[in-house]
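Engineer: For reference, the chains in residue letters:
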Amino acid sequence: MAENLDPVWMIMFIVRIVFAVAIVFFMSILILSLSISLDDDQLKRFSHELSENILSSELAESKGIISEAKLDSFIANSSNLISNVYPGMGDEAAFMLGDIQFGQYPNIEPNFARHCLIGYSASIRELNGDRFWDFGYRPSGLEEYGLADENFKSSQESFPISVMKRDGSLQQAEMELRVFIDPMTRYSCLAEMAKTTKEKQELGMPLCTISRCTVSIRNFYDRNNYTCTIESPHQGSSDAEYVACRYLPGVSIIPSSLTYLKDEKKKLVAYPVKEGAPYSDIMSDPDNSMQISQDNCDSLKAAWIATDADNVKSVIFCMEPR
Amino acid sequence: MKGQSSLPEDIGWTIFIVIAVIFIVVISLIMVGKARFDNYGRGSNLIYSLYFVSISTEPYLVGESLSFYGIRDRQFFEHALESAVTGSLESSSSMNVPAELKLFMEAYEFRRYAVEIRSGGKSVLNLDNILTRCGTAGDGTCVNKYSNDITACGIGRVEIDDAGVCSFYQTCCREEPSSIPTDATRCGPQGIGICSKDLAPPTRRSDIFIPACADGRDYYPDTERCSSASLNGEETPVCCIPITTQNIAAAQTAASAEIPLFFNGTSNYDKDSDSSIEVTIG
Chain U
0 MAENLDPVWM IMFIVRIVFA VAIVFFMSIL ILSLSISLDD DQLKRFSHEL
50 SENILSSELA ESKGIISEAK LDSFIANSSN LISNVYPGMG DEAAFMLGDI
100 QFGQYPNIEP NFARHCLIGY SASIRELNGD RFWDFGYRPS GLEEYGLADE
150 NFKSSQESFP ISVMKRDGSL QQAEMELRVF IDPMTRYSCL AEMAKTTKEK
200 QELGMPLCTI SRCTVSIRNF YDRNNYTCTI ESPHQGSSDA EYVACRYLPG
250 VSIIPSSLTY LKDEKKKLVA YPVKEGAPYS DIMSDPDNSM QISQDNCDSL
300 KAAWIATDAD NVKSVIFCME PR
Chain F
0 MKGQSSLPED IGWTIFIVIA VIFIVVISLI MVGKARFDNY GRGSNLIYSL
50 YFVSISTEPY LVGESLSFYG IRDRQFFEHA LESAVTGSLE SSSSMNVPAE
100 LKLFMEAYEF RRYAVEIRSG GKSVLNLDNI LTRCGTAGDG TCVNKYSNDI
150 TACGIGRVEI DDAGVCSFYQ TCCREEPSSI PTDATRCGPQ GIGICSKDLA
200 PPTRRSDIFI PACADGRDYY PDTERCSSAS LNGEETPVCC IPITTQNIAA
250 AQTAASAEIP LFFNGTSNYD KDSDSSIEVT IG
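If you read the sequences in order, they're chains U and F.
Residue numbers for the first sequence, in numbering that gives the first Met the number 0: 0 to 321.
Residue numbers for the second sequence, in numbering that gives the first Met the number 0: 0 to 281.
So that you can see chain F by itself, here it is in the shape it has in the complex (with noise of 0.2 angstroms):
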């Protein structure tokens, strides 16, 4: 038997060998399946797609339209230099401009714009359509108190006198960080978000997962971080941003441009200190 090979390296050598050939065959077959049967394979889970977010130019569009309107005597930029110059619209005869401003603005029908002139650091005209405000101070928004929040404002919130703003469902929250409890989770961009209830109704959950935030926050996708925080006992699944221009445009839900309007001494512009033209649109 010496120099011959064994029966069972034969056998080991055969199974390497029918593997092979198994492995080519099936191979073979699923290849001109697929090229057979076009929707083989189609809706399988494994398949990644990768998209290009397109830039937004919309508010640059709109800061140089603005530029150039006129509003009354002057062009809008001109009341905008003269009241950040002057730091209000009192100063620089321009009490005007916001009823103007929003009539030009609402023409688009955007879903959401903002439109701000800062002064060193400071809010100058500050005009959008983002929420119904609300309170003695125009600090508030209009909640549906029907929302079943964890709370009446939600998490964060803190209840206000209207005013005589709100209507009759709806009650007048004021967003207060200080009042976010040390064990609520964080979450969205730079942990601008609170992970909240799904007040999105039972048969919208059913079958495709749309969550919903209470009023003045938006929903923002972040499972990673609130698909398992819950709060006194109850899920918190979904992440929930206070609707603010900034927070909006961390959001990326919109985009804003900047346009300064002078700067101060020789250094280089700096948002706080120096004036310009903030456009927001979502």
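Next comes chain U alone, as it looks inside the complex (with noise of 0.2 angstroms):
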């Protein structure tokens, strides 16, 4: 043994071990500081697509070339549909819903192209002339507090068009999308699959970066077209600060306020719930909107969720740990 514990000998043992430390921690940090990050530009091709939906859509006399009269109609008739449903709303419709005093603007996402997950919206500019067109989703500049930045992605391409005007003559146009995926997207097409399919579904929560995360969601004045996020769950329908809405008809929203801490790992989950379905309102008693919330969520659970067999009436968003 003694041999064995030869200073020579130890010197180099530990010089060995040494050596054998530092080739596993150069190995580690080699490993590990390797990443592959895979970009798709999703929404670089979703505006593609689109623009192949929209250019070869109704308003459309040939693929690529927009028609005027179409144009016009369809601003026209989307301009009286929101002031059919929202009348004399004045400057807060307008500015959610587009300035359709004008008959601009309209927030509308048309069924001919459209996008459960993906927001849009489209200009369509003359270049030579002075006509534009605009129409579509267009996210608040009210950004949600607490989110980071990743969770609003967007993304800008512009196309060369034409318009073929009354007189039956091209002008030169660009079309420019804007494609979006925010909070009110994801929220409104977690609304729409619960109310088309009939089953609940669900989407795992950011982080939250401050203290204390609220969602709340409605919809536009309690009437079914439109789904909302407003900016404090205290806001009744007549005073609330609607942050962003999104053209969504015929999906009724029961309004709640859901809250989560910071850190904290939660999903929203949007139940389809039955006709009759018995809940509170949570403006009856507006400084405990997120316990009524809870307790919609905990009865509408228990018995009014929709199946296959019933109709849908509503939907309700509840928040659960993931």
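Think of the hints as simulated: they come from the structure by calculation, not from any bench.
All C-beta atoms in this analysis are idealised placements derived from N, C-alpha and C, irrespective of residue type, glycine included.
A few of these clues could be false.
Sample of chain U residues facing chain F (criterion: CB under 8 angstroms; computed from the structure) [claimed, not checked]:
(1) Val20
(2) Phe45
(3) Gly63
(4) Ser66
(5) Gln171
Simulated crosslink set (DSSO-like; lysine-lysine; CA at most 30 angstroms straight-line) [what the hints assert, rightly or not]:
(6) F/Lys101 - U/Lys164
(7) U/Lys62 - U/Lys43
(8) F/Lys121 - U/Lys62
(9) U/Lys199 - U/Lys300
Mind assembling these two chains? They're in different frames, but the hints should get you there.
Structural biologist: Have a look at this one:
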């Protein structure tokens, strides 16, 4: 044993250990510093697919040639639709749903070109003329608090097109598409899927970066044409400050205010609810709107979730552990 | 001592276990460190990204619009069809087409565009904004004569009379593939480029390598073939591609759409013998 405790041998042993540790450390650094990112340009590719849809739609005379008359008619009909559902709403409706007073910018993604998850706005502009047409979803400048920037994705693409004027002449034009995936488009897609598939839909919530994050979802002024988020859960339908609204006709949302804490892992679940389901109005006691929302979830989940055989009356959002 | 492990065996096992434990500890520490300090490792050279190239639809859209575009008494498509059949713009009374077509294309403010009507392999109309053409036959390009290339016009070009088109600081150069020295290095897709001198000013090269080619040529990233290339003792690290409609499409700095006009007989469409409108946007 004594010969094995020879100091030279011990030093060499230590050197070998240090060498081995260094190699392990170096290999670990190499392995763990390698990251592979796959960027599939989803929004960019979607823009091109969307342009194909719009430029071959009922607005088009021929592929890539949009009719001025059909565009005018589409904008006017969309504006009338909004005016009829929300008469005399004034500036707030103008801000959220488009400046319909002047027949411009309707916040409507038409049936011939829409996507559940990805919202978009289209802007068609004559290059040598002064006419332009805008329509589609517009995210609010008021971003939802507490969510990292990566939850708000957008992309912008332009396409050279032509507008066929009423006299049959062709005017060079440009169609600009802005596409978005943001919290509002995710929530509206969740509601739409729950309603159409009659199955609960789940969305893993991004981590909250502030002490408490709130998700307040409801229809725009209690009519089933838009899904909206509002800034404060305490606000009623009459004084709500809407953050963003997306056109989603025929889907009734049971108003809810849901919350989760910093670094909590939660999922948002949209349940289809049967006709006749009883629930409490969160505005009956605004200070307890979160508790009422939770109670609504608990009671409706127990007996009122729609199945294949049922008619879906509305959709309720609940916050659950992941 | 029989039946008992010897000290060297004990040390061997100890080393093995110590290394295993150290490995686990080090990996754990690094992973915890990465989780806690999010920025750790960012900016590492070992990051690979895969990008899908979006399909360019622009030439197809412009081609479709062009087909319906009215020029005087007929639509462009009709002008194109008749000029392709008769073999010239004059024969189809379409002499005003180039000017009107230019106005149409300029409105879109494309960086580069080209529209060509082809018939039986010949060009009936060729309109583009790709180059400033010079020379008596219009087959030259105005090039900055002070660009300090290997020759006045660069490798593969010859100097010709500009016919009064070029500015005082320019000279007229024509692509002359036969003038390319045999020891010059070819590069780019299908070897359409030539490894050339980098004409970027030294200040631009100091921080980020931004190569530059002479007028009438486009940079193409092909460091594999050009990084060690030289000619006449001078380094030629930059791949430069002569700017033509075909070349910029091949280099994927532009996209082309071909709209067949008519077929010859019952055979399949053949670009070299049949007629078409070709739109290139870059």
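Engineer: All hints are to be evaluated individually against the structure, with a verdict given for each.
Structural biologist: Results for each hint:
1. Given hint, U/Val20 at the interface with chain F, holds; its Cβ is 5 angstroms from that chain's nearest Cβ, closer than 8 angstroms.
2. Annotation: U/Phe45 was flagged as interfacial toward chain F, and the flag is violated, the nearest CB pair being 10 angstroms apart, outside 8 angstroms.
3. Nearest Cβ of chain F to the Cβ of U/Gly63: about 4 angstroms, under the 8 angstroms cut. The hint holds.
4. Among the interface hints, the one on U/Ser66 is violated; its C-beta lies about 12 angstroms from the nearest C-beta in chain F, farther than the 8 angstroms criterion.
5. The beta carbon of U/Gln171 comes within 4 angstroms of a beta carbon in chain F, closer than 8 angstroms, and the hint placing it at the interface holds.
6. Between F/Lys101 and U/Lys164 the alpha-carbon distance is near 20 angstroms, which keeps this suggested pair within the 30 angstroms criterion.
7. Distance hint between U/Lys62 and U/Lys43 is fulfilled; the C-alpha atoms sit about 20 angstroms from each other, no more than 30 angstroms.
8. Restraint check: the Cα-Cα separation between F/Lys121 and U/Lys62 comes to about 29 angstroms, which is no more than 30 angstroms; the hinted pair holds.
9. Of the pairs offered as hints, the one joining U/Lys199 and U/Lys300 holds, with about 10 angstroms between alpha carbons and a cut-off of 30 angstroms not exceeded.
Hint compliance for this structure: hints 2 and 4 are broken, all remaining hints hold.
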